[in-house]
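Peer 1: Read off the chains here:
There are 2 protein chains.
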Amino acid sequence: MRVAVVGVGMTKQDEHWHKSLRDLSMEAGSEALKDAGIDGKDIQAIYIGNMASGRFVGQEHLGALAVDQAGLTPIPATRCEAACASGSLAFRKAYLAIRSGEYDIVLAGGAEKMTDIKGQGAIAALMGAGDQEWESAVGLTFTGLYALMARAYMSKYKLSREELALVPVKNHKHGLNNPYAQFNYEVTVEDVIKSPLIADPLRLLDCSPITDGSAAVILASEKAAKKFKNPVWVLGSGQASDTLALHNRKSLTEIVSSQVAAKLAYKQANVKQKNIDVAELHDCFSIEEIIAYEDLGFAEKGKGKELLLNKETYVGGRMPVNTDGGLKLGHPVGATGIKQIIEIARQLRGDAFNQIKGAKIGLTHNIGGTGATALVHIFGSEKL
Amino acid sequence: MRVAVVGVGMTKQDEHWHKSLRDLSMEAGSEALKDAGIDGKDIQAIYIGNMASGRFVGQEHLGALAVDQAGLTPIPATRCEAACASGSLAFRKAYLAIRSGEYDIVLAGGAEKMTDIKGQGAIAALMGAGDQEWESAVGLTFTGLYALMARAYMSKYKLSREELALVPVKNHKHGLNNPYAQFNYEVTVEDVIKSPLIADPLRLLDCSPITDGSAAVILASEKAAKKFKNPVWVLGSGQASDTLALHNRKSLTEIVSSQVAAKLAYKQANVKQKNIDVAELHDCFSIEEIIAYEDLGFAEKGKGKELLLNKETYVGGRMPVNTDGGLKLGHPVGATGIKQIIEIARQLRGDAFNQIKGAKIGLTHNIGGTGATALVHIFGSEKL
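In order, the protein sequence lines correspond to chains Y and S.
The opening residue of the first sequence carries number 12 in my numbering; numbering runs sequentially from there.
The opening residue of the second sequence carries number 12 in my numbering; numbering runs sequentially from there.
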């Protein structure tokens with residue numbers, strides 16, 4: 012059975028000091044319903060991605076919070092969690108629930124309120140995505156983990172510090188006019204390499220920010236989708252796992268879960284990498300966009316930087332990546348996977364703010380932690 | 012498509028000072044595989060229920076932890092959360108995933124390590140199941156919330172303090188020989204009403220304990236189930252929601268989500284309440300077992316106590332409830348829904364330690380918080 016995305020909505024990615032987690036969730040959900048042209052009572056189930064609201068704001072049971080606040084009880088609500096991949100995870104579970112025949116119209120959303128926690132609390136909460144016993148407990152941070160990956164990659168494949176900076180340079184450029192982006196300014200290679208050092212070699216401008224935000228999409232079964240204008244079809248969905256701790260991997264310069272999830276999604280969608288017109292890749296830290304190019308088959312191993320040097324992944328290039336600015340311009344962790352899906356849905360509907368002309372097939376890639384969870388989704392436009 | 016439970020395993024419910032969350036998860040998973048007579052490599056996906064490991068032990072991303080520790084990467088792993096209903100939620104998502112055609116053999120588990128948090132931390136972490144802004148923030152505890160329900164019920168339906176004590180008296184009796192129970196002793200009505208007051212009218216022996224533990228079951232599609240001995244079939248699965256905060260409900264003496272989830276499950280299973288031979292009901296606090304009798308149609312409204320007074324819900328009675336001792340003898344919150352399913356599966360296979368002769372249809376009822384989430388599952392034996 013085919014499943015479509017028929018509505019999208021999100022909040023601005025920002026430090027939302029005057030909004031709570033429930034406010035943010037409602038805003039995104041309402042926008043998605045409005046975009047789909049339906050009412051809350053048309054929704055049969057809710058799936059919500061959230062990483063760490065227990066630690067961030069003292070609230071678990073996010074599914075119940077969302078369905079209650081929306082006034083949609085008694086429909087079922089489910090929270091899914093796989094760290095920074097929680098949004099895509101919720102999307103995939105909603106997709107499988109429709110495919111099972113249980114529901115026809117489902118809302119899949121994601122939300123995270125990250126700024127309400129004091130001091131270094133956000134850093135500690137985010138390390139819940141890694142291995143508590145073997146990584147967090149010895150003081151590693153997520154920037155530290157990706158710094159280890161960056162150092163290994165730079166050494167093995169002769170990637171220079173300046174070349175690595177091309178990722179945030181591109182993504183800031185892409186997000187310049189994105190009304191939902193946390194930042195709207197361009198950065199130069201010099202800005203990046205002179206920004207404060209966080210975990211050598213990664214600097215402040217290599218890192219995605221701490222963000223409050225929420226995003227939601229409406230999914231519909233093939234039958235139900237007929238009622239909607241401009242559905243975007245889910246062509247493939249892949250999910251895979253890798254070791255939780257980085258030290259258990261055979262290689263620090265690739266993420267096996269990304270490779271496996273991509274393979275599953277390409278196979279189900281029956282498309283090849285070269286068919287992808289536009290993609291959202293998980294650029295939590297600059298090095299990961301380059302590794303993702305290679306894990307997903309956009310570039311040969313070690314050659315990822317060429318896509319940047321040749322501007323192939325820029326808007327206007329052969330295969331634009333992170334046309335909304337990516338995670339670099341907002342990473343409300345539980346919502347991130349859904350916001351990626353929204354950007355691809357908009358590109359395939361033709362109403363993205365950085366519209367890629369004639370885009371017909373798009374891809375999202377979302378990972379949790381250092382890739383212990385990876386999800387890849389492939390979407391096709393109605394005109395496909 | 013029909014789905015069966017083909018293997019079960021769990022740890023003792025206890026204060027496991029020498030085992031970590033990952034140790035507990037592995038123990039239950041291994042037991043379930045052994046019981047099913049299969050190998051880890053036969054599993055195609057993992058679903059894990061966990062409420063608050065971020066706050067309890069600093070670890071989110073529980074799906075990845077489980078699949079990694081089991082050596083089963085790169086298969087996909089998903090954490091589901093709905094407070095104390097997380098285990099049943101994971102089970103239902105695994106069930107829907109099989110029904111979608113995506114997988115044939117899936118492990119659904121639950122785990123919680125609750126004793127590693129300091130001081131009053133567990134009480135605060137558990138309040139993440141309630142409404143943080145409207146309940147936790149003003150100092151309500153979960154015992155406090157259920158005490159409000161108990162007081163309303165006792166006043167409205169003339170339930171005496173002594174009659175309320177019959178719930179833990181029965182459940183302690185049932186769990187006396189349960190090797191997996193946290194406590195193995197009987198209590199009297201006098202013991203209960205003289206135990207320390209926690210939140211008036213609820214006393215220590217009205218409350219489920221803080222428990223470490225894990226539980227796992229193996230689910231198989233109809234086709235795959237043919238290879239297994241003694242499958243137990245999922246006849247019905249219902250999930251529903253109610254308001255997160257108690258004060259938003261029309262009544263404090265019933266839980267609408269339980270009623271709706273039960274209705275959905277009965278309808279799908281095409282059975283009536285009178286057909287149920289044995290049930291596990293969510294007795295987190297003594298009052299909730301009585302309310303559940305009524306929400307699930309085992310007794311008329313206000314008459315729940317009669318099932319206890321007439322010993323109908325005792326082993327040997329018309330419809331035994333909590334034959335393993337229920338949550339009263341162990342409530343590792345994320346694992347609880349799965350342990351309930353294990354008890355019913357064992358009853359229907361014929362190898363429970365408090366075996367109900369000829370039991371053919373069983374039911375589990377698992378709620379999150381004060382019932383903002385409810386799940387009801389109905390199972391049937393192979394001989395049905």
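If you are wondering where the hints come from, they were derived from the structure by calculation, not from laboratory data.
Accuracy of the hints is not assured; some may be wrong.
Chain copies aren't distinguished; within one or between two, either way the pair holds.
[Stated by the list, open to error] Cut-off 20 Å, straight-line C-alpha distance, at most; resulting in silico cross-link-like pairs (SDA-like, lysine to any residue): (1) Lys169 <-> Pro212; (2) Lys129 <-> Ser147; (3) Lys238 <-> Gly48; (4) Lys23 <-> Gln366; (5) Lys274 <-> Leu83; (6) Lys52 <-> Leu275; (7) Lys129 <-> Gly69; (8) Lys316 <-> Gly328; (9) Lys129 <-> Ile86; (10) Lys238 <-> Glu317; (11) Lys238 <-> Lys394; (12) Lys30 <-> Lys52; (13) Lys371 <-> Glu173; (14) Lys52 <-> Val267; (15) Lys274 <-> Pro85; (16) Lys45 <-> Pro190; (17) Lys237 <-> Arg329.
Peer 1: Does each hint hold? Answer for all of them.
Peer 2: Hints and how they fare:
Taking the closest pair of Cα atoms, Lys169 and Pro212 come within 20 Å of each other only inside a single copy of the chain (14 Å); across copies the shortest separation is 70 Å, beyond that limit. For the homomeric pair Lys129 and Ser147, the shortest alpha-carbon distances inside one copy (18 Å) and between copies (18 Å) are both at most 20 Å. Only within a single protomer do Lys238 and Gly48 lie at most 20 Å apart by alpha-carbon distance; the minimum there is 10 Å, versus 48 Å between protomers. Taking the shortest alpha-carbon separations for Lys23 and Gln366, only the intra-copy value of 19 Å comes in at or below 20 Å, while the best inter-copy value is 57 Å.
In this assembly of identical chains, the alpha carbons of Lys274 and Leu83 lie at most 20 Å apart only when taken from different copies (18 Å versus 37 Å within one copy). For the homomeric pair Lys52 and Leu275, the shortest alpha-carbon distance between copies (18 Å) is at most 20 Å, but the shortest distance inside one copy (34 Å) is not. In this assembly of identical chains, the alpha carbons of Lys129 and Gly69 lie at most 20 Å apart whether taken from the same copy (12 Å) or from different copies (16 Å). In this assembly of identical chains, the alpha carbons of Lys316 and Gly328 lie at most 20 Å apart only when taken from the same copy (14 Å versus 72 Å across copies).
Taking the closest pair of Cα atoms, Lys129 and Ile86 never come within 20 Å of each other, the shortest separation being 35 Å inside a single copy and 36 Å across copies. Taking the shortest alpha-carbon separations for Lys238 and Glu317, neither the intra-copy value of 44 Å nor the inter-copy value of 51 Å comes in at or below 20 Å. Taking the shortest alpha-carbon separations for Lys238 and Lys394, only the intra-copy value of 16 Å comes in at or below 20 Å, while the best inter-copy value is 45 Å. Neither within a single protomer nor between protomers do Lys30 and Lys52 lie at most 20 Å apart by alpha-carbon distance, with minima of 25 Å and 46 Å respectively.
With identical chains, the CA atoms of Lys371 and Glu173 are never at most 20 Å apart, being 33 Å at best within one copy and 69 Å at best between copies. When the C-alpha separation of Lys52 and Val267 is checked against a cutoff of 20 Å, the pair qualifies only between copies, where the shortest distance is 18 Å, while the shortest distance within a copy is 41 Å. With identical chains, the CA atoms of Lys274 and Pro85 are at most 20 Å apart between copies only, with a shortest distance of 12 Å across copies and 38 Å within one. For the identical chains of this complex, Lys45 and Pro190 are intra-copy neighbours only, at 18 Å inside a copy versus 54 Å across copies, given an alpha-carbon limit of 20 Å.
Proximity of Lys237 to Arg329 under the C-alpha cut-off of 20 Å is found in neither arrangement, the shortest distances being 32 Å within a copy and 50 Å between copies.
Hints 9, 10, 12, 13 and 17 from the earlier list are contradicted by this structure; the remaining hints agree with it.
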